[in-house]
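Visitor: Each chain is listed here by its residues.
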Amino acid sequence: MNELSRDDIRHLSHLSRLELTDEEYARYATQLSSVVQYVAQLQSVDTSSVQAHLGVTGLTNVLADDVVREKGTPADIEPMDVINKAPRHHGRLIEVRAVLGGEVGAA
Amino acid sequence: MSSLPYRYIVGLEVHAELNTETKMFCRCVNKPFGSEPNTNVCPVCLGLPGTLPVPNREAVKKTILVGLALESTIPKISKWDRKHYFYPDSPKAYQISQSDMPLCVGGHLDLLAPDGSVESTVRFERVHLEEDAGKLQHAAGGVSHVDLNRAGVPLIEMVSKPDLTSPEQARRFLQELRLLVRAVGVSDADMEKGQMRCDVNINIAFEHEGTTIKTPITEVKNVNSTRAVERSIATEAQRQYDEWMADGPIRTRTNKLTSGWDEDTNEVKIQRAKEGANDYRYFPEPDIPPVAVYELADLNPKTLVKTLPELPNSIRKQYAKEVGADLESILSDREEIEYFKQYIAEGMPAKVVANWIKQVPDFLSVAQDGDVLAVYGLIKSGDMSFSAFKEKVAQFTADLHSSRERTAKDTAQTLGLLQVHDENVVQSAIAEVIAANPQAVADYKSGNERIIGFIVGQVMKKAAGKAQPAHVQEAVKAELAK
Ligand SMILES: [Zn+2]
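Top to bottom, those sequences are chains A and B. Number 106 in my numbering belongs to position 106 of the first sequence; there are no gaps in the numbering. Number 59 in my numbering belongs to position 59 of the second sequence; there are no gaps in the numbering.
Please keep in mind that the hints were generated in silico from the structure rather than gathered at the bench. Built from N, CA and C at the ideal position, the CB exists for glycine as well. Take the hints with a grain of salt, since some may be wrong.
To be verified - Simulated coverage check for chain B against chain A, where a stretch passes if three residues somewhere in it have a Cβ under 8 Å from a Cβ of chain A:
| id | segment |
| --- | --- |
| 1 | 19-31 |
| 2 | 36-50 |
| 3 | 392-400 |
| 4 | 445-459 |
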């Protein structure tokens, strides 16, 4: 599937919630195809003797204890600073355009 | 069993929020309820750029415990994946979940008959760990409000195989699973608070002109009570059958439908053709290394399995026959399960313990070492009746605990609950009553055993408060048998 069709782009742009024009469908089909073809060169490498790995760091078991962070640590932000940066908010609630009858959450 | 023209094929995907202190990938407080909106948030769970999620060790442990309780296989390695979707409840536009290498694989949960025997077995596909989404409230004026206190709360997903064959069985299965996660102590699983939620996968099979028809699956989301599970399955199955019989599009459709359960109207609302699994564009989460649980002392399943509490089905298999219906209410309360097991271990009969848990719960909850057995000893020996004890249980408890030296017998004495029994008085009273009532004695000996109540009553009267009815009854029987 090195050559992406306009339908592929339509599908991808839908999944990414991007609104594209017909001209853009055509342009991105060409551009994205060449990206895929470039990466596809990897398929010519013989990996039969290489073990599959699950991450690039080689680490396992990086876990954190179930303890609430202390005040003053970097992650301890003032939430209103973030809420105020949202395009719209309603008190402490972030306001978005209603999404009705569309996707349900993935969880 | 069913007079319906079709068979149900049902599987459940059950989500439960874990009761950890902190969220899944950040150290925000795990408290989606009772906080001001957007207070328990940080750069990680807000999905801000440049942040690094770190999995919660305790959440991993609790997930493994659930897997062990279901007798799942716990693989050597499991990993995290990103599942992409766009919805305002997910600030990152993906959910960190587990796709092909979950923490727990397989497993099963048995549903038992009232006598404790296995009635049916529901197998599991998997149990994996992921993060919950935030909450959306639809407001007036075409807007929604987002609260991310729940975003990133640890969530397990328990996926059954399509082994369920009726709406009632599915409801029972969900209740049983709720009981199990509570018994293991990993989730409060309150469905009204959304701590446990359920998606139902359903299709039907039936014979039609000599072939077996299987309809395409509908996934019903948002089925958030045990009653709704039962209703939604019956409703959707019938809808599928009707659509098929009316020669509707269900005859040719091959994809899965996604729908939502509307609790107010009792309707299944079809939403869209489900995006294929690839459309979530799963890929390995690059920021979180895999988990190798057998390499960690505190997460090693071989060690953890020994810390599992006794599970409801094991308790049922031992005591369901003896205790009967009271056992179910005990099983739904972890504290009561503890009392139940403790006092049985100390030598009280299961039936008696179950009865006390129902009748004198306050006494059990404040009882100190030895109190319960001491009281039971008085009742067993006939020195005090249970009904007299129950009537004054509050006073009894207060008096018993008024000083360290106070014994149960002292207290019973003070409150006038002791039934005195003077064997000499009783024996002479029996002799007198027998001598005075030759007709009653003759009746008893010729087979009218009920007359013994009269004789015992006479003896009690004569003994004037120095006899215990149970002992008198035995003594009278023994005397008349001579
Ligand atoms: Zn956070």
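Visitor: Are the hints correct? Go through all of them and say.
Guide: Results for each hint:
Note: the segment 19-31 of chain B has 7 residues with beta-carbon separation from chain A under 8 Å; the three-residue rule is met and the coverage holds. Under the rule that three or more residues need a Cβ within less than 8 Å of chain A, the assignment of the segment 36-50 of chain B holds, with 10 such residues. With a threshold of 8 Å between beta carbons, the proposed coverage of the segment 392-400 of chain B by chain A is violated, since 0 of its residues qualify and at least three are required. By the rule of at least three residues with a Cβ nearer than 8 Å to a Cβ of chain A, the coverage given for the segment 445-459 of chain B is violated, with 0 such residues.
Violated hints, in rising order: 3, 4; the structure is consistent with all others.
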